[in-house]
Amino acid sequence: METLERILAEHPFFEGLDPRHLKAIEDCATNVRFKPDEYIFREGEEANWFYLIRQGQVALEVFHLEQGSIIIQTLGPGDVLGWSWLIPPYRWRFDARALEHVRAFALDGRCLRTKCDESPELGYALLKRFAMVLEQRLQATRLQLLDLYSVRR
Amino acid sequence: MAVSVEDPMLTRPCRVQRMRMETSDTFTIELENPCHNGAGPGFAPGQFNMLYLFGVGEVPISICGDPARPEVLVHTTREVGSVTRAMRRLRPGDVLGVRGPFGTGWPVDEAVGKDVVLIAGGIGLAPLRPALYALLERRDEFGKIVLLYGTRSPDDLLYQRELEKWRARFDLNVYVTVDRAAGRWRGNVGVVTTLIPGAPFDPLETVAFVCGPEVMMRFTVQELERRGVAKEAIYVSMERNMKCGVGLCGHCQFGPFFVCKDGPVFQYSKIEPFFGKREV
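Residue numbers (numbering that gives the first Met the number 0), protein chains in the order written: chain A, 0 to 152; chain B, 0 to 279.
No lab work stands behind these hints, which were simulated from the structure alone.
Note that the structure is predicted; figures quoted are calculated from it, not measured.
Using N, Cα and C, we set each Cβ at its ideal position, and we do this for glycine too.
Fair warning: there could be bad hints in the mix.
Said to hold, decoys possible - Example chain B residues on the side facing chain A (calculated, C-beta under 8 Å, incomplete):
(1) Arg137
(2) Phe141
(3) Thr150
(4) Pro153
(5) Val190
(6) Gly211
(7) Gln252
Unchecked claim - Calculated Cβ distances over 10 Å to all of chain B for the following chain A residues:
(8) Ile70
(9) His100
(10) Asp116
If we strip away everything but chain B, and leave its shape as in the complex, we get (with noise of 0.2 Å):
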């Protein structure tokens, strides 16, 4: 599913209401969406935003609020670059011009009846969460849904307070890993990938839903595979250097296809002949 917009190239200016620091890198930005009238949804889990800082630039930004408030839009990041980092700086009453929302989204239709094993390594959560939110909204038409994270270090976890409410309920596994910690640490020490061969999902009926550094989701989807999860139920959510958004400056392409418009989120079968390949 996605939720497509009347003009793309067409910059709106929206407010910011918040801005949250989660970890010493990585911000959220909370603006106002003066453009949703209230009916319908204003953007499907796993699109993105073009947010422009007016005079520094524009930059791709995956949507991580809740699908179900299309009136707020929320956007986590980290600083990578010119841009993030001035946007880093915004406080609530600034304004930053955002066009979207685009993209394709992460199949949630297609998991209903089925387990649904969503894993996220680094700043990934941020574009699965309105994933998870959706599922959680209609949590009787999904199996079991799993939720495996993992970080550098404890320092690095995103929304730590909602992830202490994912573990605290009955219908949802979460199981966190970090690279490296602290002997008071309690939790997992270990890559992501090392969740997957114990994690309560039936392979035979799971959809995955994977983001993160592509060599991240490289070695992810060979677990799943050795798992016995078929290629056709595994999504992921590529990143390239988008800039118009819509498939018409090509800035994006990955292989045949355009990661602004085919993508971000695909099916791994579709792109399986590029997935991890040096020069495409």
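Chain A on its own, in the form it takes in the complex (with noise of 0.2 Å):
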């Protein structure tokens, strides 16, 4: 049988972790899953968790008034679902649906900023992944930005 923390270990977002680190997170996670149109997450609620999609597609949304929601970016397999929990004041900005069947582990924010202050080396390594992620989507905000498809004949 799979262990937590193997599967754990598997998710490209711990992907090289020390597996004292893998170990001290596991006590933080737990499984979830989410059936098509559950929302995960509502803007403005507690941000106490992320989650690391296994399965299925998530869809980050805003609610306009004029507009309904807009769908402003899909993760998927592999992909890491919020990063509210990490700064103040630890609430959702946007909405997440699920958009079909979602698997994911549920990480305790609460849980692992306590196990992050404790032992900072885990703190530095998380952040460290976190960094990669922002750094990827802020590019591709930016990419969104420019209006790529705008002209060509």
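Could you use the hints to bring the two separately framed chains together as a complex?
Set out below in structure tokens:
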């Protein structure tokens, strides 16, 4: 039988992470599932979790009064969902909705924050990984702003 | 591979068979090709024609039909100027002047035995479509074939019915993404480059064909290189202000190259020093 630690280690986000850190993270992780159209979190709610998607697609949405929900990004297997648990005031900035059956690991942000405070080494290892995710998302957002497909005859 | 034309300056009158709106500002013209005698290929995937609307002007437009059906010339274009705006009003039976085909094509033969990834942005799917037809015609000769296609919104997707057919095939991987969508959209949202890290191809055994606005191609090439695809295995279709089509007038000069004659399809490693430069 596969252990949670092993499945966590196989997720791209934790690839190469020190086994000691993985063990600490495992204590804060649970396996979760979401049905299609189920909201994983909503804008303004407390952000005490983040998710490592294993299967299925998730839409990040903003609600617009005239246009309704607008999808600004989709995430899939191997992606990380949510970093608001890291940054005060720990509130979600967007809605996250499962587009299909989603399987993920939910990681308890409060539990992880405590462990990171106790072990700066773990905190640094996690922050480095999140910094990479943030850089990729920032780059993707910049490209979206460029309106890449605007002219070509 | 490229197909050359006997008299490149001679405009042939071709009759419009069909006109079809693809999106709110993009349309497809199908023309009879009376000059094709039924023997040999009529054009290579990636080549373009100069289309002349009598009394209005001439514009270069990629050929986006099936190379196996050269008796019909298919061109998809967006309304971006006075000529294409007037072209949109053409009706079946109207006549358009055609010169071509011109330029280089996608190196389909060089991709034999390898995975092929086609990456299109916006209307860039049109010049890539003949390459996809050619690849599918000889499907057994290639490894995985992957199409990554990005547009602004679901309403801007070209060839929607065909995309659905391609997605239904077991021997073709199609991923579509849009920059922005309403809540009912079930596909990907994000720029086309975000599809590259997870796309199913072996970067060491892949040939990539990339077509779209230059800024999109620039970031696509970066992401392909990050994934491990060699510069020599990346081909891009460039666009410049082409006039004569045969490298005489110099309008489309791009560094030491003429896009109309040496391109529009270039091996990325050959044009890298000029690619993305502000003044070339």
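Results of checking the hints against the structure:
no.: 1; hint: Arg137; result: violated (27 Å)
no.: 2; hint: Phe141; result: violated (26 Å)
no.: 3; hint: Thr150; result: holds (6 Å)
no.: 4; hint: Pro153; result: violated (10 Å)
no.: 5; hint: Val190; result: holds (4 Å)
no.: 6; hint: Gly211; result: holds (6 Å)
no.: 7; hint: Gln252; result: violated (18 Å)
no.: 8; hint: Ile70; result: violated (5 Å)
no.: 9; hint: His100; result: holds (13 Å)
no.: 10; hint: Asp116; result: holds (32 Å)
Consistency note: the structure conflicts with the earlier hints numbered 1, 2, 4, 7, 8.
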